[in-house]
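Based on these hints, arrange chain B on the given structure of chain A.
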Amino acid sequence: MSNSRRITAVVATVGALLAVSALTRVSYTAHGSDAALLRLSWQARGERIEHCRRASAEELAVQAAHMRQELVCEGRRVAPYRLTVAVDGAVIADGPVDGSGGKGDGALYVLNESAVSPGTHRVHVRFIRERDASEPAADSLHDARRQTVPPLLTLDTALVFRRRAVTLVTYVPETGRLSVITADPAAP
Amino acid sequence: MASLPPGPGDAGGSPARPGPLATLLAHADGAANRIYGSAYNPLYRSGAVTVWLLGVLVVTGLYLLLFYRVGAPYASVARVAEQAWLGRWIRTVHRLAADAALVAALVHAVRMFAQRRTWGRRAMAWLSGVALVALLLVCGWTGYVMVWDVFGRMIAIESVRVLDLLPLFSEPLGRAFVGERPVPGAFFFLNLFLHVALPIGVGIALMLHVSRVARPTLLPTRRAMVWGSVALVVAAILWPAPLPPEGDALVMPATVPVDVLYGFWLPVARDVSLAVLLGAGGLLLGAALLVPRFTAPAVELQPPKSVVNERVCTGCEQCALDCPYEAITMVERTDGRATLVARVDPEACVSCGICAGSCAPMGVGPAGRTGRDQLAGVREFLAANQPGPRDVVVVACRRGAAGAADRFAGAPVLPVDCAGTVHSSVVEAIVRAGAGGVLVMACPVEDCWNREGAQWLEQRLFHGREAELQERVDRRRVAIVNLARSESRAAREAVDGFRSKVAELRIHDVDEEFDLLRLCESADADQDDAGAIA
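So the sequence lines, in the order shown, correspond to chains A and B.
The first sequence runs 1 to 188 under our numbering.
The second sequence runs 1001 to 1534 under our numbering.
Extracted from the complex, chain A is given alone in its bound form (with noise of 0.2 Å):
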C-alpha cells in the first residue's frame, strides 16, 4: 500500500468514525413544552384486613418448634385507598390504590404524574382509606408493629411550579406526614 493511499484510508476511516461519532450525539427533544410535572410518589403499607386469632397450646404443639406462631391470620389482603389530586380546585387524578402482588396484600405504591403549567398552583392531595361496611375488622395490634399508613394523608398549600422542573409529593413513614421535594432552583 503506498503512502498516499495510506493516508487516504486513514483520513476515510477518521471520517467514518467521526460520522459515527455524529450518530452518538444527536438532539433528541425530550420535553417540548415548558410544562413543569407534579409527581406523587411514595411506598405505605396499607391497613390489613384479615382474620386473627390466638393459636391453642394444641395447634401449636404439632407444629415443629421454629413453625409455631401465635397469631394465625387468614383472609389476608390490603384495605383499599383512595388518591385525590386537585390543582386550582380542579380535580386531575382520582383513583382507587390497591395493595401490589397477585394477592392484592403487598405495599401500597403510589405513582402519579401530571404536567403543570409552570407558576404558582395550588395543590390539594387527599390520600384516604376506604372503608367498606361488609369488611371485617382489622387486626389492630398486627398493624401496629407495621406501622401502616395513617387513614388519611392530605396535603392542602400553594406550590411554585418551576418550568421543566419536577415537584414531588411524597410521603415520610417517620413523620406519617407528606412531604415536598423540589428540584434545586440552580439546576438547568
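If you're looking for bench data, these hints aren't it; they were derived computationally from the structure.
Only a predicted model underlies this, so the values are computations on that prediction, with no experimental measurement involved.
Take these hints with a grain of salt, some might be off.
Per the computed footprint, the stretches of chain A lying under chain B, defined by three or more beta-carbons under 8 Å from a beta-carbon of chain B, are [said to hold, decoys possible]:
1) 13-20
2) 69-82
Beta-carbon label-pair distances, calculated as ranges [said to hold, decoys possible]:
3) Asp34(A) x Ala1134(B): 15 to 25 Å
4) Gly1282(B) x Glu113(A): 21 to 31 Å
5) Ile7(A) x Ala1197(B): 38 to 48 Å
6) His66(A) x Asp1345(B): 58 to 68 Å
7) Thr8(A) x Arg1079(B): 35 to 45 Å
8) Gly1185(B) x Thr154(A): 31 to 41 Å
9) Ala1078(B) x Arg68(A): 50 to 60 Å
10) Arg82(A) x Ala1197(B): 27 to 37 Å
11) Gly1185(B) x Arg82(A): 31 to 41 Å
12) Gly1279(B) x Glu113(A): 23 to 33 Å
13) Ala1075(B) x Val26(A): 19 to 29 Å
Even glycine gets a Cβ: it sits at the ideal position worked out from N, Cα and C.
Positioned in the frame of chain A, the structure of chain B alone reads:
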C-alpha cells in the same frame, strides 16, 4: 451456454443475478476497494473488525474502570473527562469503539444475509451472531447508564419500565428513579457488574460463532489494527465525547443528546405503549432468529452435499485440509487398501465445492461438480467456443466481476460457482485445447463466499499446493485476478492486458488427442483390473 453447475445462490437471486441488497453491497465493496484496496477493505473483514473493536473496548474499559466510583458515578466520569491528556480521549475511544463495533457487527450481519450464508450448517453462526448483537446492545446500555447523565438516566427509566411489566419484582424498579431518595449505590454496582460480566458472555457467543469454521479470521491484519487504532485516536482527539448534564430526577431536560445506535428505541418507547414496544421487539428478535429458516432454499433446490468416490480416493488428506468447514475427516478403509479414505459429514457440508478443486484424482465433490464433472463441462465449452491461439478464455466466478455472461471483454466465459472449486485440470484442458491463455477471475481473497476458495486456487495454480497445475502447462498462459462484482472496468482492463501478453507468446500446438477425462476413465479401468487380478 456451457458452464459448470451452480451451487447455492444469494439473497433474492442467483449468484449470477443478485438481489438488490447484494447489488448494493457490491457497490459498497467496490468503493471501499478503491480507498483501501481489497486486502484492507474493512467491509470484507467486518466480523474481524468487530472483534478487534471489542478488544479496544476491553483495553480502554480497564483504564476507565480505575476511576469509576459507584457511589459517585457522574462525578467520577466527569473527573475522567477532565483529564485532557489521557482520560478524555480514552473515554471517547471507548465510546466510539462501542458504536463502531455495533456498526461493524450489523454490516457483517447484512453481508451474511445478502450472501445467504445463513442457513444449514451456517445457522449456528447466524443465531450466535444475533445473540452477540443483543449482548453488545445490552453492554452499551449498561455503559451509558454507568455515566448517569441525562441520556443514561433516560435509558435506565425506559428499561425499567419494560422490566416492570414482567412479574419479577415485588417493588416497581422505576421507583428508584423518581427522586424520593438518591439512586442507591447498589443499583450502580449491579449495573457495573453487568457491564463487566456481559463481555464474558460475548466471548462465549463468539466461540460458538466461529466454532464451525476451520480457520476463522478473528482479527484484521496487524497493520490494519495499528492504522485503525490511529484513526480511532485521531477521531477521538478531533471530536471528544460530550458529557451531558447529570441525570436529575427533578429536572426535565428540554433536549437530550441521544446515541441513535444504542438508543434508537428510546423516542419510540416514550411515544408508544409498552405492550406495542415489547411486541415490536419480540417480532424483530423472532424475525432475526427465523432467518436461517426462511433463507434456506426448498429441500429439492438445495445443492447436493459432497460425496467421496472411495475407489478413486488415494487418502492424501488434502480435501480434509482444504475444507473450510471441517466437514471431511479421514478414516480407515474397509476394502483392504492400506491408505485412509475421506469421509464427508453431510451435516457439516455446506456444498461449497472447495474439495472438488483440492482432489488431484478428482474423487470428491458435490454431485455434478466434481473435477470430472468439470472436465465434462469444459469439453462441451471448448466444442462450442473453439478458442484460438490468440484467444483468452475467462474462467469466472459467477459472483465476480464477469458474472455469468457468455462473453466478457471479447473473451468467452466459462462461469463457475466459485473459483476455488475449479480443478487445475480444467485450466490445463483449456490451454492444451489451443486457447492462448486462461484468465481466472476470482473474488477478492478476503471476500471468497466459500472463505478460502480464492486462496487455495492461487496456491494450486502457482505454488504447488496439492492438486496443483501440472508443470507441463506454460504458466505465462495462466493468470488470476481477484476482483469484486462491481469492478467490471478493472476486469476488462485485466482481460485486455492478459490478451496482450498472450499475443506476445509463440503460438503453441494444439493437443487434439488430449482428453483428460478419458485418461481418468482409462486409469480407473486399469486400477479396477489390477484390483481384480489381486
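Point to revise | Violations among the numbered hints, reported as their numbers in ascending order | key: Numbers 2, 3 and 10, in rising order.
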